[in-house]
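Asker: Chains as they are written, first to last, in this note's numbering: chain E, 803 to 1135; chain D, 803 to 1135.
I should point out that these hints are in silico values taken from the structure, not numbers from a laboratory. Do not take every clue at face value.
Copies of one chain are not kept apart here, so a pair can be met inside one copy or by any two copies together.
[Unchecked claim] Below are the DSBU-like pairs computed for lysine-lysine, each with C-alpha atoms no more than 30 Å apart in a straight line:
1) LYS824 with LYS1054
2) LYS1109 with LYS1054
3) LYS857 with LYS1089
4) LYS1124 with LYS1050
There are 2 protein chains.
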Amino acid sequence: MKLEIESPLDMHLHLRDEKMLKCVAPLSAKYFSWALIMPNLIPPIKTLKDVKSYKKRIKKAIDKEIFTPYMTIFFHEELNYEILKELKPKIIAIKMYPDWVTTNSEWWVKIIDLKKIWHIFESMEKLKIPLCIHWETNDFVMDREKNFIPIYEMLAKTYKNLKIIMEHITTKESAIFVEKFENVFATITLHHLYITLDDIAWWMLQPHLFCKPIAKRPEDKEALLNLALSWNKKVMFWSDSAPHPIHKKETKYCSAGIFTAPIVLQCLAELFEQNWKLKNLEHFISKNAQNIYWIKPKKKIIILEKKDFVIPELYWDIVPFKHWKTISWSIRG
Amino acid sequence: MKLEIESPLDMHLHLRDEKMLKCVAPLSAKYFSWALIMPNLIPPIKTLKDVKSYKKRIKKAIDKEIFTPYMTIFFHEELNYEILKELKPKIIAIKMYPDWVTTNSEWWVKIIDLKKIWHIFESMEKLKIPLCIHWETNDFVMDREKNFIPIYEMLAKTYKNLKIIMEHITTKESAIFVEKFENVFATITLHHLYITLDDIAWWMLQPHLFCKPIAKRPEDKEALLNLALSWNKKVMFWSDSAPHPIHKKETKYCSAGIFTAPIVLQCLAELFEQNWKLKNLEHFISKNAQNIYWIKPKKKIIILEKKDFVIPELYWDIVPFKHWKTISWSIRG
């Protein structure tokens, strides 16, 4: 049995920089047609100059593969209409991280802070630049995504023409909320379709399964899986593949992130097949994102075949998701 | 300022065996008058012979300190009235772990299993041997303690004269439940008075804060702290101090357990002082347990003084709780 996937898209990819970029970028470039590149380097990608230079480094790292890195910038308070207009042809979205808000503030305080940046949202709305938000409140770790929903709601109501992407949703509340407003969309990672907090901390603590947002409850995983499998046009795959070398995971303070880039297609094929939804996979992994982001990627066919693939224990010094596990689908070539 | 504590008791201590026993036992023996020793070695302490031999090894490890190790055995289905009667003079309680029940069964299935061992509970009731239970269901990690409460309730109602100790409670539901039945008591660890899941996984994942039961929500911690501070006669301190060498914590599969033995008294003094409850500390750490277990330990005075104590980064190759932190109380001598 084989499965052709046209132009798979990774809607959220961390490629890092320098040595790590050179290692991991070719893996994504091999299996994906394009990807939305996260801007959270140190320092973050904020300006047109940053974007151009980072894109150049990515292009160099991926060599001759058919692969388009679509760039994003890091949301910051200095943005305005003129800057955004200049950025528009070079970026596909703006990524907002929670860091810019005052830490330890209640979420309603953040709403007040938000008022200072209304004009940026208005400009993005006019210029048709989508807003990707990784946002959680400063509440208890299991509540913070759920508690951010009132802010998504306020933004969605206020900027009806601004496309708002709820990044890597992890709760049943988010899965329900995404249906509520026409201008709200969501991305889901591979690992949040597989794991809950039980996998991280049930038996022994497993640092390689630690990511942000942290995996939640079984009923949350169930809701995400149903959404991903359902041919829902508002939902896109993104890997959020985040490579960390072993010494940053198996240590006193373990970094958040799960490395999935080279194994996502195989795992998704298995998951969709197990649930009798293989026909919906291309929508989840390519077509929905093309419609949401108004783009048409270069055609690139990835062929998967029903053949066992044993996930390696390591890619260089990075432990991948589901290492040692056997997946029933492989990528041809 | 100084504080005298008469005969501090550690109601739940893991001393392990061999090399680890020799390292950690003297630390507890120095600061405590006695301790209730956990039987979960590999293989577990189950028989009179096991008890005698393990006690001998402990005595040897602690040398000449005034310190009584009170022994427990591992609950198992072969126990009966005759065996218990023989064990009675040598043990202070029986510890029940969840492992003996069928894994992956629903909690109501466990109730059926429990019926096979009714006679053991009856014998313990007759012989006045308390039952310590570390019990959680097989449910989602954040729910499993809460979901076990119906079983505690059934046991408490059925065996009105059996003292049932809810071990290392971690939820507000348990804090409420302990008041409900005369024959139900509870122990609380130091670390569950300090941490929540946020401390383990809010920022980076911290394996040295990983323990079982896992620390729960802020409102749970609050309820435990109120109970510990409150001069409540049904509540005892236990450290659940569980030493693991660094290579078993900072690794792919991290063992559960927090090492607190040499720092608990200092931390408790600070915590009780900060909450204006220093006068209640001796009850929490000694007097309540003496009443509950019908025992009178040898008198041993530990003197704490208001003087900074910097917790070491390491005790041998074990990272202690709150390493590097400065505590405002020290132990004299």
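Asker: Now, for every hint given, state plainly whether the structure supports it.
Answerer: Checked hints:
1. LYS824 with LYS1054: both (27 Å within a copy, 25 Å between copies)
2. LYS1109 with LYS1054: Classified as between: cross-chain Cα gap 28 Å, same-chain 39 Å, threshold 30 Å.
3. LYS857 with LYS1089: The answer is within: 24 Å in one copy meets 30 Å, while 68 Å across copies does not.
4. LYS1124 with LYS1050: both (18 Å within a copy, 21 Å between copies)
Consistency note: the structure conflicts with none of the earlier hints.
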